[in-house]
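Protein sequence lines, in the order shown, are assigned to chains A and B. So for the first sequence, this note's numbering puts the first residue at 8; every next one is plus one. So for the second sequence, this note's numbering puts the first residue at 8; every next one is plus one.
FYI, nobody ran anything at the bench for these hints, they're computed from the structure. Take these hints with a grain of salt, some might be off.
Each pair may be met inside one copy or between any two copies, as identical chains are not told apart.
[To be verified] Within a straight-line C-alpha distance of at most 27 Å, the following computed DSS-like cross-link-like pairs (lysine-lysine) qualify: (1) K366 <-> K330; (2) K294 <-> K249; (3) K111 <-> K249; (4) K412 <-> K330.
2 protein chains.
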Amino acid sequence: MSRETVLQKLRDRTAQVGIVGMGYVGLPLAVEFAEAGLHVLGMDLIPEKVEMLNRGESYIIDVPTAQVARLHQAGLLRATTRYEDLAPMDAILICVPTPLRKTKDPDMSFIYAATEGVAKIVHKDLVISLESTTYPGTTEEVLVPLLATDHGLKVGEDIFIAFSPERVDPGNPTYGVRNTPKVVGGVTPACVEIAATLYSAACDRVIPVSSTQAAEMVKLLENTFRAVNIGLVNEMAIMCNKLGVNVWEVIEAAASKPFGFMPFYPGPGLGGHCIPIDPLYLSWKLKALNYNARFIELASEINTSMPYYVINRVADALNDDRKSIRGSQIVVLGVAYKRDIDDVRESPALDIIHLLEEKGATVCYHDPFVASVRLEGGRTAHSQPLTADLLGSADCVVWVTDHSKIDRQFLLDNARLVVDTRNATKGYSGKARVVGL
Amino acid sequence: MSRETVLQKLRDRTAQVGIVGMGYVGLPLAVEFAEAGLHVLGMDLIPEKVEMLNRGESYIIDVPTAQVARLHQAGLLRATTRYEDLAPMDAILICVPTPLRKTKDPDMSFIYAATEGVAKIVHKDLVISLESTTYPGTTEEVLVPLLATDHGLKVGEDIFIAFSPERVDPGNPTYGVRNTPKVVGGVTPACVEIAATLYSAACDRVIPVSSTQAAEMVKLLENTFRAVNIGLVNEMAIMCNKLGVNVWEVIEAAASKPFGFMPFYPGPGLGGHCIPIDPLYLSWKLKALNYNARFIELASEINTSMPYYVINRVADALNDDRKSIRGSQIVVLGVAYKRDIDDVRESPALDIIHLLEEKGATVCYHDPFVASVRLEGGRTAHSQPLTADLLGSADCVVWVTDHSKIDRQFLLDNARLVVDTRNATKGYSGKARVVGL
Chain A
8 MSRETVLQKL
18 RDRTAQVGIV
28 GMGYVGLPLA
38 VEFAEAGLHV
48 LGMDLIPEKV
58 EMLNRGESYI
68 IDVPTAQVAR
78 LHQAGLLRAT
88 TRYEDLAPMD
98 AILICVPTPL
108 RKTKDPDMSF
118 IYAATEGVAK
128 IVHKDLVISL
138 ESTTYPGTTE
148 EVLVPLLATD
158 HGLKVGEDIF
168 IAFSPERVDP
178 GNPTYGVRNT
188 PKVVGGVTPA
198 CVEIAATLYS
208 AACDRVIPVS
218 STQAAEMVKL
228 LENTFRAVNI
238 GLVNEMAIMC
248 NKLGVNVWEV
258 IEAAASKPFG
268 FMPFYPGPGL
278 GGHCIPIDPL
288 YLSWKLKALN
298 YNARFIELAS
308 EINTSMPYYV
318 INRVADALND
328 DRKSIRGSQI
338 VVLGVAYKRD
348 IDDVRESPAL
358 DIIHLLEEKG
368 ATVCYHDPFV
378 ASVRLEGGRT
388 AHSQPLTADL
398 LGSADCVVWV
408 TDHSKIDRQF
418 LLDNARLVVD
428 TRNATKGYSG
438 KARVVGL
Chain B
8 MSRETVLQKL
18 RDRTAQVGIV
28 GMGYVGLPLA
38 VEFAEAGLHV
48 LGMDLIPEKV
58 EMLNRGESYI
68 IDVPTAQVAR
78 LHQAGLLRAT
88 TRYEDLAPMD
98 AILICVPTPL
108 RKTKDPDMSF
118 IYAATEGVAK
128 IVHKDLVISL
138 ESTTYPGTTE
148 EVLVPLLATD
158 HGLKVGEDIF
168 IAFSPERVDP
178 GNPTYGVRNT
188 PKVVGGVTPA
198 CVEIAATLYS
208 AACDRVIPVS
218 STQAAEMVKL
228 LENTFRAVNI
238 GLVNEMAIMC
248 NKLGVNVWEV
258 IEAAASKPFG
268 FMPFYPGPGL
278 GGHCIPIDPL
288 YLSWKLKALN
298 YNARFIELAS
308 EINTSMPYYV
318 INRVADALND
328 DRKSIRGSQI
338 VVLGVAYKRD
348 IDDVRESPAL
358 DIIHLLEEKG
368 ATVCYHDPFV
378 ASVRLEGGRT
388 AHSQPLTADL
398 LGSADCVVWV
408 TDHSKIDRQF
418 LLDNARLVVD
428 TRNATKGYSG
438 KARVVGL
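In isolation and in its complexed conformation, chain A is listed as follows:
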């Protein structure tokens, strides 16, 4: 009875959808459901975000303000800071962060807080889907007890619980919520049927899998694949350096193979919210099962060692100029974790600046996207204009983030020494000596 009622509301798009966590995952999802004609209520604890949405403004680079304004105007997209306002919702999607603690253990506090918030307003016929990347078993072990068992609700009959991993790639111009296939696993067959019906309003293709654990694993496999391959190519860079071979040239030539190969690129270390973190959710869970996830551990070890490797390259490069790191003036170019974005979370640039300062360098940075950044130790640094004077007075420029708008020719014409960790100077030459990874 419940099942049919819920399916009908989802099919005729009279269902109301609540989204907990309106960040780079929640907001694009909210917008896509609203575009499909469903009434969406976004919930976030940060009042500034909620106020912006309720003024029809966006704060996410991939979602235009004009779209938010139009959907808000049409009454399809609203926001709140209070869990209580989610009470009338038919479906609630949880899109909260899952960072790591300092100890590299999963920080599940956001998932717990969101689940407990939803538990306050849980009711019969509610559909709940978790999108946060997490260890396999979370949905059954955390959501089911707090949302169903504690309330005497039977999963698959009274209430429907699913896991569907977000696959957002910030800044990707080709793939968004609509055209990225949506993997969905349910606690019961009714749960997956209902969650798949829900998502089919916002996504062109839904991929049902047989369990929430399988759906949780899908995302962990995807991001572990990336972390391991980046680790591999970082180790390749180290080996190519020992062999006197240009690793970028090797990767580019290998990428000409039309089958069985996918190019990854080395760099100064991993950054961002997903690749360095997600695989550790899987290795943490496996440790509890007495298994050591060896590829994940190795990738993590190599990737987190890359800033130290960069420091060694800087020391070697300065050494060729009869200089030490101590006492050198060093400009770090780019502090965002990847090109053309303003996000510094887990950015290797922060480690590199810290390590250089620890060794006695005087460090400043330039980043066209990041006006200021809080460094290890608490000091706030500000982006310096990339002038001929700044470059001329630097003993070394360490290029960490290859933002496309940084003027390559100007850099090479004015700097003395550039340690280029991204092959960003490829095809350019000037007076500067350039050293690669």
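Keeping the supplied structure of chain A fixed, place chain B upon it in accordance with the hints.
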């Protein structure tokens, strides 16, 4: 002067091409050069191969006999067992095997023998290209001294030496010599120019790189990428088993991601002539430079442990039937190293049979492509017909190679227990209990 003379002969296709090693790499290459109108002389130490070619017959699955016959008829393709006959050649391509010794060190004897054979007839203006997968540095360290320095010939002026990795994928219906881009590195700029001109007769696209070392590394990167990703997905299979999740379902769902992911599949262990071996050429070279190629070592360790893992799965599956491996009748299904081919080199099936026999099982095998196989210890086993009787009397069937012509339904209707290491029974069901990796 030499350079222009050689280039002219290559451009007007009057150059004669010798190929040392007429195996699955040399013969397709010979055929493609002959198709381009160049006169090709294949050289191989195995008289049977040479006799077949000189009768216009093929012995390689990807090269039709009709094509060999036509090219032989036209006088464009001949073969010999003697290095001396290569004396009139303008270019010589070396396509010999590079296996490993029992100690897992590179076995360079074929490259040395071929180089020494060519050294006997080396002459001014000769172009030599090595195609065998090998450690970075081989071309400069082995070919240059034996072919140039010893004869007082100057590389890049008197003689032209290059490395161009073969990228043959046996059985690939889409990509062959002609449409797979050809990476070429030369000892000098004249060497790469001349080798690129040579290969452009047989390959639509040539990718020049800056050195023979870079060209050597390209192939090692390609195959290390595969070995590491197969290792990763094998470890994923082990982890999914511990988590109670179906790894095949997870991979299939992850493969729906339209960017940033490439699916690999787990199995009973690596086989064949390339993926298990090539990466160890790189790790061996790095050891000499005091670096431990950690991803390669880990992949090799996990991939070579897979037969042991399969044995554990068999033991667990038999245990559920209150049986031990000792005294059980076991049928191994498939002994080739991959589907629909007859090649048993490095096949994990050989390890699996050996381990099962060591533990006291009575083992037979069925393989529609492999009539007989020499087992560890020297005994030769013969493929048994896959009858209802054979399946009915077996305590367990271990499916190692998923040849497409094996009748899935018949197997599941007649066997008692199947350990399916390839997900080959997907979509079928019968009376047999099926256990996955």
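Taking the hints in turn, this is what the structure says about them:
1. Only within a single protomer do K366 and K330 lie at most 27 Å apart by alpha-carbon distance; the minimum there is 13 Å, versus 64 Å between protomers.
2. In this assembly of identical chains, K294 and K249 lie within 27 Å of each other by CA distance solely across copies; the values are 11 Å between and 34 Å within a copy.
3. For the identical chains of this complex, K111 and K249 are inter-copy neighbours only, at 22 Å across copies versus 31 Å inside a copy, given an alpha-carbon limit of 27 Å.
4. Taking CA atoms no more than 27 Å apart as the test, K412 paired with K330 passes in neither setting, with 30 Å inside one copy and 68 Å between copies.
Hint violations for this structure: number 4 only, all remaining hints satisfied.
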